[in-house]
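Engineer: Chain G: place on chain R using the hints.
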Amino acid sequence: MRARHFALLLLACGAALSGALAQASPDIQRWTTPNGSAVYFVAAPEIPMLDLRLVFAAGSARDGARSGVAALTNALLDEGSAEHTADDFHARLDTTGALLGTGVMRDMAWISLRSLSAEPQRTDALDLLAELLRGPRLTEESFTRQRAQALAALKQAEESPSTIGGRAFFRALYGDHPYGAPTDGTPASVAELALDDVVRFFRQYYVARNMTIALVGALSRAEAEALATRLAAELAPGEPAPALPPLPPYAPKTEHLEFASAQSHVYVGQRGIAREDPDYFPLVVANHVLGGNGVVSLLFEEIREKRGLSYSVESHFEPMALPGPYMATLQTSNEQLDAAVRLLRDQIAQYVAKGPSDADFEAAKRNLIGGFPLRIDNNSKIVENLAVIGFYRLPLDWLDTYTQKVQAVTKAQAMEAAQRRLDPARMVQITVGHRAASSATPATP
Amino acid sequence: MSRSRSLFAAVLAASLSAIAATPSLARTHEYTLANGLKLIVQEDHRAPVAVVQIWYKVGASYEQDGATGVSHALEHMMFKRTQHLATGEFSRLIAERGGRENAFTSLDYTAYFQQWSKDDVAESFRLEAERMQHLVLDAQEFATEKKVVAEERRLRTDDDPQALAAEVASAVAWQTSPYRQPVIGWAADIDSMQLADLRAWYERWYTPSNATLVVVGDVEPEAVKALAQTHFGAIPARDVEAPRPRPEVAQHGEKRVTIRNEKVRLPHLMLMYKAPTLTQVGESGLDGKPVEAWEIYALDVLAAVLDGGDSARFARELVRGRELAAQIGVDYQSVSRLPDLFGIEATPREGVALDALEAAIVEQLEAIKQAPPNAEELARVKTRVVADTVYQQDSMFYQAMLIGSLESAGLSWRVKDEYDARIRAVTAEQVQAVARRYLTSEHVTVARLVPAAESP
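Protein sequence lines correspond, in order, to chains R and G. Here this note's numbering is used: the first residue of the first sequence is 1, the next is one more, and so on. Here this note's numbering is used: the first residue of the second sequence is 1, the next is one more, and so on.
Don't take every hint at face value.
Said to hold, decoys possible - Below, a list of computed lysine-lysine pairs in the DSBU-like style, where the Cα atoms sit at most 30 angstroms apart:
1) R/K306 / G/K146
2) G/K118 / R/K405
3) R/K155 / G/K263
Keep in mind the hints are simulated off the structure, nothing from the lab. All values reported here derive from a predicted model rather than from experimental measurement.
So here's chain R without its partners, still in its complex pose:
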């Protein structure tokens, strides 16, 4: 029975491979607006809608001494415009049927708009977005309300062992570097923020030369150009955000945070790779076998399938402007914590030392290659890809060459990179959960 399936499989893989490689990636058009915003556009005429994502180098890495100011500035974009109160602004926006979104991470902050491409809805929605860029509602009233909501969210986050663990992991990895602070600040730092901080942050970072525009939808190139030029013109030209400070050295660390949960959450890892890194593809492929390939990864097999220790277990690189983390995570009952951590670390160490079987390695590559079309199969996925390509200034043929680059990685290259870049004996280890041991430190933010 197995032989028959094996033959079938070979045929199937051939088909999947050639299919994926032959598939055309979206045709990305790139230009710069008169006052300095980079634009990435894909025409998608099939559905009468458009997806717009304005990305700024205005993430929490730009907080400086005011931890939480990037997130609070971004949140204030929900409060309407200088010209219209939140009530009026949102009533008018909802009348167009458009959806406005905002968000912030360490490297970037964004504003997204999904709108109908039909008129007058499109023009009405874009008028409102233009109004927001021209001047958000940076008033004491809006500021106080958003700060109160941010403080409530921070308080609620303290109920979650995964949030507590994730924060401790970044702190351990990046220390006093801006990457070490939580994206949305701490209760103490947010309580000290003032409206002035937000106004200054907006003026410095929400500027045309610090903005990337990603746009996908039922528009002509000419319409897309007019739209991008118009939005960018609402902003001061300004300056691109300066380079982030270099990462200071760090030491591996093991820390347990005591928390009244039934499960312990585990974070093991180290600093990984930047968005632009010659080892990017070898490392992504290497990790895919270990913990990236969903339910067939080695970690999933050893920790969940064989032993039932965790519902989810995975490992991944999080590429950022500077080397982002490499992390492996699982959650397990408190009493199994030590055994699970030992197993996880052993698996990583063993993998880095010995590497995968040829069959597992090739299977993981086929998954990345065969699954590529699913990364670009609708407008919202394409606009997210454009935002990342644009923000990190990746080559325009990033999507076109992705499967070839994965295909080109040999097992020797992948494992050479993994051995050079990963040091299983010197990893940061954060655990959060309830342990009887008295040496535990309390989990306070």
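Structural biologist: Same frame as chain R, now just chain G:
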């Protein structure tokens, strides 16, 4: 390997408020094989991919006291071994071809899916037909998987105060309806579950006439139908015995429950009103009077008037306005097999008492009972629905979810094509009428989640 009901609720809320006739893309075809398997195919030719989902009409609401969680546990075991596929081979076959797969169990259904190249639809069918007929349930593998399910329960419910509170609140709100049961099961039931329970469950429900196969993507319907015939056509037909009816008994006055939890830093409030869904149209409601179709659509509009975007009443009056809520939302599913809940959840701003927040929410509901929403408000809500109809077309997965969830609730996928017109037809007075009929203290359960040391 599964989603809790609340996760799916978010998907469905997004999708259901978002449907309409879309002649260019949404060409939907329905077939039924001789053995009763229903196949629904929707074309979307934008990318050379397809999503295949198979939906079984079985979920937590089909389960009995003492044996909760069996649908979900079986879902986990469906990824293990079959007569012709060794343990793990199923998932490896999919992964090697770049496929994504998973499954989700809810109160009303258990569904499995693959997303991959359009050329792999046949492979989906081959694999799903195999595990529909030839699952091998192994005692040792089940013992390990029970541990995984127990960890899943700790992760999703026990260690998440709001999820735990929602579980308590459902169990209080429903006295006899099986919607009182958690999808993942009570911890003791997971612990005592036997392999024989799973086997019986598999044999009873995993059969062609109890399944709906949904394919959305770059496919030709007739070719898909032929493939379905090839892979599923020879599976013998088998009758499925309907689940025993367990209707909810009358509620005699409001119910209140307090959940204390040592992890809680911010209190949380839930007001849950029993409300009918599309499946009960024509039947008698909890007050004995018949449920009308327009009422269900009016409840959807009511939910949007309260919580449809930043201009809706809750955001305007309670988050801004009086600044009582840090967060507030409405959850109402018009597609469910049984009567469901019109739920309002809110977190107070720091320093705001739950009493004050609850009173303000009730005041908002009373305002709609006193005076219907104004024309502008109603127009905004309807615009939102039309726009969502367009946006919805971007996701093949949502389209398939929508079809599968309608069919699994005992409705037809065709309901999605009428949705837009039915929403447009709702009047302000109808919104007022459903608020009056269903948002009453006789139908409500109020749950409060508070820190362990605090008085509610």
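Engineer: Is the hinted pair R/K155 and G/K263 satisfied, with a Cα-Cα distance of at most 30 angstroms?
Structural biologist: Since the Cα atoms of R/K155 and G/K263 sit roughly 11 angstroms apart, the hinted pair holds (cutoff 30 angstroms).
Engineer: Quick one, are G/K118 and R/K405 close enough, alpha carbons at most 30 angstroms?
Structural biologist: The given pair, whose Cα atoms are some 24 angstroms apart, holds under the 30 angstroms limit.
Engineer: Taking only the CA atoms, is the gap from R/K306 to G/K146 under or equal to 30 angstroms?
Structural biologist: Between R/K306 and G/K146 the Cα gap is close to 12 angstroms, so the pair holds against 30 angstroms.
No hint from the list above goes unmet by this structure.
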